[in-house]
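Start counting the sequence shown at 993; every next residue gets the next number (my numbering).
Bear in mind the hints are in silico, worked out from the structure with no lab data behind them. Among these hints, one or two may not hold up.
Said to hold, decoys possible - Dumping the calculated DMTMM-like pairs for lysine to aspartate or glutamate here, alpha-carbon to alpha-carbon at most 25 Å:
# : residue 1 : residue 2
1 : Lys1451   : Glu1212
2 : Lys1374   : Asp1016
3 : Lys1374   : Glu1212
4 : Lys1374   : Glu1481
5 : Lys1374   : Asp1175
6 : Lys1451   : Asp1203
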Amino acid sequence: MGDIAVVGIDCAFPGAAGVQAYWDLLMGGRSGIGRVPGQRWEARDFPAAGDSGGFLDDADVFDSDFFSITPREAAAMDPHQRLLLPCAWRALEDAGRAPGDLAGSGTGVFVGVMGGEWGRLTMSDLGRVTPLLGSGSSAGMAANRISYHFDLTGPSLAVDTACSSSLVAVHLAANALLAGECDTALAGGVNVVLSPSLGLVYGQLGLAAADGRCKPFSAEADGIGRSDGVGLVVLRRLADAVADGDRVYAVLRGSAVNQDGRSNGMIAPNRWSQERVLNAAYRRAGVGPAEVAFVEAHGTGTVLGDAIECAALGSVHGVPREAPCAIGSVKGNLGHTEGAAGIAGFIKTALALHHRIVPASLFAEHENSRLRLGERGLRLLKSPVRLPRGETLAGVSSFGMGGTNAHAVLATAPRAPRAARTRSHHAGAAGVFTVSADTPEALRRNLAAQADALAALPKGGAAALCRSSNRVKTGLPHRFALTARDTGELVAGLRRAVELRTPAPGEPHPVGDRPWGRPVVAFLFTGQGSEYPAMTAGLYRESPAYRSHFDAADAALATRLGHSLREAVLGDAVPPEGAGAPELVQPALFAVGYALARTLTDLGVVPAAVLGHSLGEYAAAVTAGVLTLDEAAGLVVRRARLTAALPSGGGMTAVAAGAEVLAPALAAEPDVVVAAVNGPADTVLSGPLDALARVGEELAGLGIRTRALTSPYAFHSARMAPVAAGLRAAAVHTAPAALPVASTRYGRMLRDEPMDAGYWAGQTEEPVLFDAALGALVRDIAPTHLIEIGPRPQLTRIAARAGSLGGAELLHPAPGPEGTGQDLAETVAALYRCGLDPVWEELYAPEHRVHEPLAPYVFSSAQRYWDRSPASAEPSTERRPQTPAVSRETPMREVSRETPNEEAGGDDPVLVAVVEAVTEVGGYPTERVVREARFHEDLGFDSVMIMQLKNRVEARLPRVGEVSVQQMLPALRSVGSLAAFLDGVIMARSA
C-alpha cells in the first residue's frame, strides 16, 4: 500500500473543543465525562441508561449564516451534519488550505456515522414530514452535506459499520487516494448521543458502565459509557504532500478491514477475526508486528471485549521483540464515541507520533491481571512514553458491533529538510498577515483570536506566519491585511484592528472591510529625475522576486554596456537627481522600472493599462508586451550613449503655469520650448541655459513660480535631434500591445500606431503630454489604483497636484531611499483589501514558504438549534420541531448591517408580502430580511425553497396570478428585485 499523509486535523470531543484541547486532555490524563445534560433527557427517567456520559458542551451551536443555510433548514438538520461542517472547514485550514480554494475540485469526503437516530426522532410523525427534514435527517447525507456546501466533486459517502465506522472511512479514503479517485480527502466520523435508547440497549445487554465511564483494560472495567464526538483528518498522498511542503502529522502506511462472519453471536467480538485484520494491515503496510511500538486499542472497557482484544493483540504482537508492545485506549478519557470512536483513536495516535510522546491510558493504574498482558508481550501505558529518534510505527484498532473490524498502521512523518536561513537577506523579512471572515463581527472575532494565539508564541519573524495566513485565511468576503516583520509588531497591529472594529454599545459593526469588486490597476512608469544613490537597495535585499527581475534586466543591459550595473545602482555610483551620467542613469532607471513591474505582475497585480513618462515608456512598452526585455535594453543603452554625446549648455525649468500663460514669454525665446505638460498649471520648459534664465526672469516678474531643474540636457527639444536620428536608424522589432497604453507622446490612448523606431525618435524630441495621457487613461480605464513604477514617487504627486486622479488611490512599492520590502508588501496588502487575490508565494523567500499553524476559524456561537424537547419516558404528543432558536443579534452575512429594514417593507404591500414569505420559508426573523438580501448568497435559498417561496407569494398576492419559476429567475437577485418584479406583474395585469 502506498503511503498516505495526514496533513490536517480538527476535532471536538467531551472536554476538548479543538485539536490542542484534545491533546492537552490526553496528556493531562483528564476525563471528559459528566452528567447527562437536561437538554438531552432527564436521566432520572431512564435509570438503566445511567446518568453520566461524554457530551459536547455546544452541540446545539451552529453558524448557519456562515454556511448560507436558512434557520429553518438548520433546525431540520441532523446535529451530526451541523457538527461536521465547521469541523471540515477547520481541518482544511489546519492542512494549510483555504477551504474555498478547493471548490470545484475532486476532493473526497468519507464520514463514519452510526445509525440514524435523528431521522427516527423527527420523521416518525408522517404528517409532519417536510423536504428539509427529509434531507436533514438522513445519515447518508452526512458526507454529502460537506461536499455540497464546499463544492467538492470527488467521492462522497457516509459509512455505517457501527463502532468502526470512522476508521473504515479512513481506510476507504486512503484507497480512493491511492486509486487516483481524488487527490485530497476528508475522512473521519461524528457521533451525537441524542437519546438514551442505545444506552438502554447496552444496559439490557449488561454492557453499560454504572458510572458512564469506559475503563479499558482495568480491573474496574464494568462496561461502556456513551459519548459525543466529531473528528476529521485531511489526507493526501505522501509524495504530493512532501512536494507541496505540507506539514505532515503522521503517515498512514497501511490499513485493512474485515468481518467476523458467522461467529459466536452477531454482536459478540471475534478474536480470530481481529487477529486476521491486524495481520492484513501489517502486510499491506509492509511491516512486521515486532516493529509496532504501540497500539491504540479499541478498548471499550467491557469484560468480554477487553479479554478478546488482548488475546488477539498478544497473539499477533507477542513475538520476540526488544520491548513489549504498549497499548492504551482513548475511551478511558472520552467514553465510547461510537461512530467517531475510530477517528478519536486515529487522531490520538497521529498526534502522539507528531509530538513523539504517547499519552498514558486512563484507569491503567489498576490493570486487570486476568488479561495477562505481560505474558502476551503487551504492556498497558500507565504513564506517558517518549518515542525514540527515528521512525516509530503504531497501530489503531476499531471494531464494529456488527463484526466489521478495521486496523490502521501509522508511522512518524519523514523529516522535512528546512532551507537554511540567510540572515543577511531575510532576517526580519516583511510579510502580509491576512484574515477574512463572513461578517464584520466575525472578522473582529477572528482578529482577536489570531492576536491571542500569536501572542502566546515566542517572539520571532512573522514572514512564515504571514505566508501561512495567505494560504489559509483569505477566502471569505470581509478582508483584513497587515504588514509586519515580527510577531510583536503583528500582535500589536491585530489588537489595534480589534479595537477599531469594536463598536460602542448600541452601535452597528463597521461594514468597510468588504470589497465588492476587483481593483482596476494602472502602472505609471517614472522617467528621469527620480534617480538617487543606492536606489531600491532595500527592496533588492529583501525581495527575492525583485532581486531576480532586476538581475535579469541587468544581464540584458550588460550585453550592450559590456559591464554590470548592479553594484553601481545599488551602491553610491548613481548621481543625485539630474546630475548627469546618462549612460548609467537611464539604464538604471529602466532596470528598476522593469523589475518593479515584473515583480508586481508575478504577484498577480496585472495592470489594466500602462503609462510611461519619457524614459519610463520603455519599461511600460515591455510590460505591455510591445517590446521584449532585450529589445528595450538595446534601445535604452543606445539612447543613453547618444544622450551622453550631446554638447553641454542645455537645461530644463519647471513652471507653475499652463502652456497658454507661457506662450507670450516663449514667443520671445524661440529656442525655449515646452518639454512636458504635467498638469494644467505644471509645465516643464527646455532649451539653452541662457534663454531659460531670461524666460525665468520674465515669469518671476509676472508672479509665476519657476524652478530650475538640475538636468544637464534640454530633453524633449530640438537639441535632442542627434539622439532622435540615432534612434530612428535602429532596427526595432515590436509586437501589438497586449494591454492598453496611454501614450505620453500623443497625449491619448495608443491606437494602432506601432511603437517602432519612429515612435521612439519622436518621443525623444517632442513634449511629454503626461496630463493629457493620464486624463485619457482615467476616462477610458477608470482605474481604482494608480501604482507608480519607479524608485520614488514623482508622477503620483504631479497627478495629485493637478487633480487628475479620478478618485484613484495612489500606491508606490518603492517610495524612496527608505523603501524596503515592507513597502512592496503594503502595496499588495492594499490591493488585497480592495479585492485582489494575489499570488502570495512570490512575496516570500523559499525559506519562509513553510507551514506555520494558525488558530482555527472562530465561528459564531450566537445561533443555537436544538429543536426537540428532551427525551421523556412518556409518549410524545408533539414531534414538530420548535421554532428555530436564532439569535437576533447576529447580523446576516453579506448584507450591509446599516441597511434599515423599513418595518419589513413599510407602506409597500408587495415588499411586505415578499418579506413575510421569505421569513416563513427560511425561518428568519422579520427584521433580518432586508431589501438588499440576496436569495442564494445571503439567505441560503435553494431550488426547493424557491418553489415554496413562489407558492407563498402567489397566495399572499392573488393579483399576481400564477408566475412560473422561469419568469421569476431574473428577478431572484434579491428580496427587493423580486418585489419590484412582482409589482410590475401586478401593474401589467391591471392595465
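Hints and how they fare:
{"no.": "1", "hint": "Lys1451 x Glu1212", "in the structure": "violated, 47 Å"}
{"no.": "2", "hint": "Lys1374 x Asp1016", "in the structure": "holds, 17 Å"}
{"no.": "3", "hint": "Lys1374 x Glu1212", "in the structure": "holds, 15 Å"}
{"no.": "4", "hint": "Lys1374 x Glu1481", "in the structure": "violated, 44 Å"}
{"no.": "5", "hint": "Lys1374 x Asp1175", "in the structure": "violated, 39 Å"}
{"no.": "6", "hint": "Lys1451 x Asp1203", "in the structure": "violated, 46 Å"}
Violation of the numbered hints given earlier is confined to hints 1, 4, 5 and 6; the remaining hints are satisfied by the structure.
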